[in-house]
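From first to last, the protein sequence lines are chains C and E. Residue 1 is where the first sequence starts when you use the numbering used here, and the numbers rise one by one after that. Residue 1 is where the second sequence starts when you use the numbering used here, and the numbers rise one by one after that.
Just so you know, not all the hints are guaranteed correct.
As the list claims (entries may be wrong) - Pair ranges (Cβ atoms, derived):
| # | chain 1 | residue 1 | chain 2 | residue 2 | range |
| --- | --- | --- | --- | --- | --- |
| 1 | E | S411 | C | R309 | 52 to 58 Å |
| 2 | E | N64 | C | S282 | 33 to 39 Å |
| 3 | E | S88 | C | S282 | 40 to 46 Å |
| 4 | C | S46 | E | D341 | 38 to 44 Å |
| 5 | C | R309 | E | E140 | 54 to 60 Å |
| 6 | C | D340 | E | D152 | 46 to 52 Å |
| 7 | C | E345 | E | S411 | 53 to 59 Å |
Bear in mind the hints are in silico, worked out from the structure with no lab data behind them. Yeah, the Cβ is synthetic: ideal placement off N, Cα and C, and Gly gets one too.
Number of protein chains: 2
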Amino acid sequence: MTPSGVVSTFGARGRIVAIVPAMLGRFPVWFGTPELRSMSETVYISDLAAHVGEEVTVQGWLYNKRSSGKIAFLIVRDGTGIVQAVGSKGDVGDDLWGILEGLEYEASLRVTGSVRADERAPGGYELSIVGLELVGPSSEDYPIQLKEHGVDFLLEHRHLWLRAPRQVAIMRVRDEVTKAIRDFLYERGFVNVDTPILTGAIGESAGTLFETEYFDLGTAYLAQTGQLYNEAAAAALGRVYCFGPTFRAEKSKTRRHLTEFWMLEPEMAWCDSECNMEVQESLVGYIVGRALERCRADLVDVLERDVSRLEPVVPPFPRISYDQAVEKLQARGSSIEWGDDLGAEDETLIAEDHDRPVFICNYPKGAKAFYMKENPDDPRTVLCNDLIAPEGYGEIIGGSQREDDYDRLLSRIREEGLPEEAYGWYLDLRRFGTFPHSGFGLGLERTVAWICGVHHIRETIAFPRTLNRIYP
Amino acid sequence: MTPSGVVSTFGARGRIVAIVPAMLGRFPVWFGTPELRSMSETVYISDLAAHVGEEVTVQGWLYNKRSSGKIAFLIVRDGTGIVQAVGSKGDVGDDLWGILEGLEYEASLRVTGSVRADERAPGGYELSIVGLELVGPSSEDYPIQLKEHGVDFLLEHRHLWLRAPRQVAIMRVRDEVTKAIRDFLYERGFVNVDTPILTGAIGESAGTLFETEYFDLGTAYLAQTGQLYNEAAAAALGRVYCFGPTFRAEKSKTRRHLTEFWMLEPEMAWCDSECNMEVQESLVGYIVGRALERCRADLVDVLERDVSRLEPVVPPFPRISYDQAVEKLQARGSSIEWGDDLGAEDETLIAEDHDRPVFICNYPKGAKAFYMKENPDDPRTVLCNDLIAPEGYGEIIGGSQREDDYDRLLSRIREEGLPEEAYGWYLDLRRFGTFPHSGFGLGLERTVAWICGVHHIRETIAFPRTLNRIYP
Chain C
1 MTPSGVVSTF
11 GARGRIVAIV
21 PAMLGRFPVW
31 FGTPELRSMS
41 ETVYISDLAA
51 HVGEEVTVQG
61 WLYNKRSSGK
71 IAFLIVRDGT
81 GIVQAVGSKG
91 DVGDDLWGIL
101 EGLEYEASLR
111 VTGSVRADER
121 APGGYELSIV
131 GLELVGPSSE
141 DYPIQLKEHG
151 VDFLLEHRHL
161 WLRAPRQVAI
171 MRVRDEVTKA
181 IRDFLYERGF
191 VNVDTPILTG
201 AIGESAGTLF
211 ETEYFDLGTA
221 YLAQTGQLYN
231 EAAAAALGRV
241 YCFGPTFRAE
251 KSKTRRHLTE
261 FWMLEPEMAW
271 CDSECNMEVQ
281 ESLVGYIVGR
291 ALERCRADLV
301 DVLERDVSRL
311 EPVVPPFPRI
321 SYDQAVEKLQ
331 ARGSSIEWGD
341 DLGAEDETLI
351 AEDHDRPVFI
361 CNYPKGAKAF
371 YMKENPDDPR
381 TVLCNDLIAP
391 EGYGEIIGGS
401 QREDDYDRLL
411 SRIREEGLPE
421 EAYGWYLDLR
431 RFGTFPHSGF
441 GLGLERTVAW
451 ICGVHHIRET
461 IAFPRTLNRI
471 YP
Chain E
1 MTPSGVVSTF
11 GARGRIVAIV
21 PAMLGRFPVW
31 FGTPELRSMS
41 ETVYISDLAA
51 HVGEEVTVQG
61 WLYNKRSSGK
71 IAFLIVRDGT
81 GIVQAVGSKG
91 DVGDDLWGIL
101 EGLEYEASLR
111 VTGSVRADER
121 APGGYELSIV
131 GLELVGPSSE
141 DYPIQLKEHG
151 VDFLLEHRHL
161 WLRAPRQVAI
171 MRVRDEVTKA
181 IRDFLYERGF
191 VNVDTPILTG
201 AIGESAGTLF
211 ETEYFDLGTA
221 YLAQTGQLYN
231 EAAAAALGRV
241 YCFGPTFRAE
251 KSKTRRHLTE
261 FWMLEPEMAW
271 CDSECNMEVQ
281 ESLVGYIVGR
291 ALERCRADLV
301 DVLERDVSRL
311 EPVVPPFPRI
321 SYDQAVEKLQ
331 ARGSSIEWGD
341 DLGAEDETLI
351 AEDHDRPVFI
361 CNYPKGAKAF
371 YMKENPDDPR
381 TVLCNDLIAP
391 EGYGEIIGGS
401 QREDDYDRLL
411 SRIREEGLPE
421 EAYGWYLDLR
431 RFGTFPHSGF
441 GLGLERTVAW
451 ICGVHHIRET
461 IAFPRTLNRI
471 YP
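Pulled out of the complex, with its shape left as it was, chain C reads as follows (with noise of 0.2 Å):
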């Protein structure tokens, strides 16, 4: 696996090898004999707990180095996690120790070395060196050093940013919470169908939709929502979800707010709102104790996370209506009319009540889209929920109960000014077999920022797409 076609180097007896100058600068460069290449195993650096005594090879980065002036300490990364690589001038000789002093930050490199169990060192474990493979050298203009950048600095670099072990923790819990998602819903019975981007004319709110030209068929705009496509599924296939990318053309400069980040949508028949709120918080419940069994070393050792705050994140969450909501918020001295929309700062306030999320349900129809239903018990409002993360993390879920009454769904329709010929699909699914079905949107982003405490969402997708930025 080395990259084919690129002279390397061999010495032809001896544990360490003289180096030809000529070859300085070219990779690869080997330091180790041939026979102790091809005879010791390539392991990740994750699984060296396996290996103690044996000589392996890792494959990776320099992520940082010192030196002693006697001993060198190498900081190798893989993407696994992070390893100790020591060796001293006097055991690896002048030339390798030349070459290891050189190293510069995120130089490619395989390095063969016996592990050692270690309790001082990053990760537990360390290689003492042996031998050592320059695959790729990097450059002193490498251009994220070990310092503070700015953050407009490293979004420019995203693409190497990435590389920094807190970023890599953040790609890690994302991962994870990903996959806790979609197993939660798989072993539910969930299908999952993936819903369209390009789409005809219909959104949550227009002004803020993405277009482009699609062939001769006129304007296209990028969905915002699979939801209305959910609901045609939801009646194929009961239970459904869609999970993928979606986009606004707001133009918010919040740490909330990215121009594209990634929904999971599920809809499920036969549901009311009430049985909506219960598979929120049993969903949320799970992917906060998947991240808290399979993720810990990331959020405490890397991220620093405060996980005492994460483990009372257990079913049942508190339920509070938005009457309730507004209530509490006027006690405190809020100027929130009834009818307004709940904004992040009353948001957070009603979040500090509590040690888990809440949700506040039953907004004012006029502070909600014109697909929820209409709460018959009192018809001002719609059955719908809001779910608010602790810790002013903020809305990480939007649900409701759907409108199926056709005549309801189309006046709601007409009152918002929205094209009634490009719901017409929309309404089919009141006019055949309507049925009482729920769902709700869960911002991948927003999730993972909580979970991982992280202050802006930018740093929970690997390249963010603002405002101002759609860079590398």
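Following the hints, complete the assembly by docking chain E onto the known chain C.
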């Protein structure tokens, strides 16, 4: 879980209640005692086996019905399966009998009945009707009748066509394939990294990009691949993948093309072209095995797939070089010349010799993308592979080792006339610790079409987008 705010009718006593004529046409209308309704457990059709001898309620839609004049057979579907519910005129009484006879296709209903095992019944179980709630009536105008419709008509009614058993089966296989892919990769330490859809300038081939205005930053393009971003992520995390929608503004009207489709793209650090093919064949073998294990009824009973054609799909898969493929095709009378790309017919011819997918390796440079690594054994070619499915389903995977040499990559970018400044970050990956790496793209719809034995890939996605279609 009844739609709230709608009048229900319950009889005071007796099993079947008299119908109140004014209620006809409103819903839900319940036939049966309220006690029965609250006592019977609501179950999914797929769970009926566990309830033989019990009275249960099933919620779903009327797929079909027939009546002898004295016995009515309702075929009810709920997304998890299909069950026959049987009621005789003598047992159910005239009023319910009238309703049973008047039910339209796709009416939504809750049927209560006792579960009997019956080998002759579809699914193996039958319900003897004791009560029925008509939740949402349908109409004799229901567009999709149990007869042949033209494909344009069906696509225009895709939101309803999805309810047909064949479409439900395909969606369930797609879901299983998707989950199998994610399980396979998760268990092998791959990290899911979602790559952006909105991108600055890069893709496989200009001229087939959808464009959108991006605030003050000019034009953004919808991504044709996540691979280049994956390569950055692989240097951070080792083994990664993206799996999301992909866009091609191609004017192709073939059974293998959509303008929006889902693609899985793994990318692996320290993996060469041979390693890449080993991962591909293991993955494809695993996917097919999972579908055979968990979707056998859908494949055999509904889709009538000849699964004996899938059983041999076990690694290793045969490998032939592009050179060998051209010789073979020429020997069979093809006019192909060395340097030409293979067409769909060529692929089918090659695949005919094998009972499992076949790799075609190391194509001419000119036929493939700029980022593929030059083959050191024959620099006219690159280290790549296509994977061709049997039975004429064509290419399901394209993979390659990536060019890891800065200078060679830069000259390829210049040769192709690509905008160099847009690839600055991509070239950085070769400046700072370059590393051997490989990856591939698997087309989800083509894979599902092959496994299901479906002729046209438009049936393998819920809402297909083609040159002529963006509705519903």
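To see whether the hints hold, each was checked on the structure:
no.: 1; hint: E:S411 to C:R309: 52 to 58 Å; in the structure: 53 Å, holds
no.: 2; hint: E:N64 to C:S282: 33 to 39 Å; in the structure: 35 Å, holds
no.: 3; hint: E:S88 to C:S282: 40 to 46 Å; in the structure: 42 Å, holds
no.: 4; hint: C:S46 to E:D341: 38 to 44 Å; in the structure: 41 Å, holds
no.: 5; hint: C:R309 to E:E140: 54 to 60 Å; in the structure: 58 Å, holds
no.: 6; hint: C:D340 to E:D152: 46 to 52 Å; in the structure: 48 Å, holds
no.: 7; hint: C:E345 to E:S411: 53 to 59 Å; in the structure: 55 Å, holds
When the structure is compared with the earlier hints, no violation turns up for any of them.
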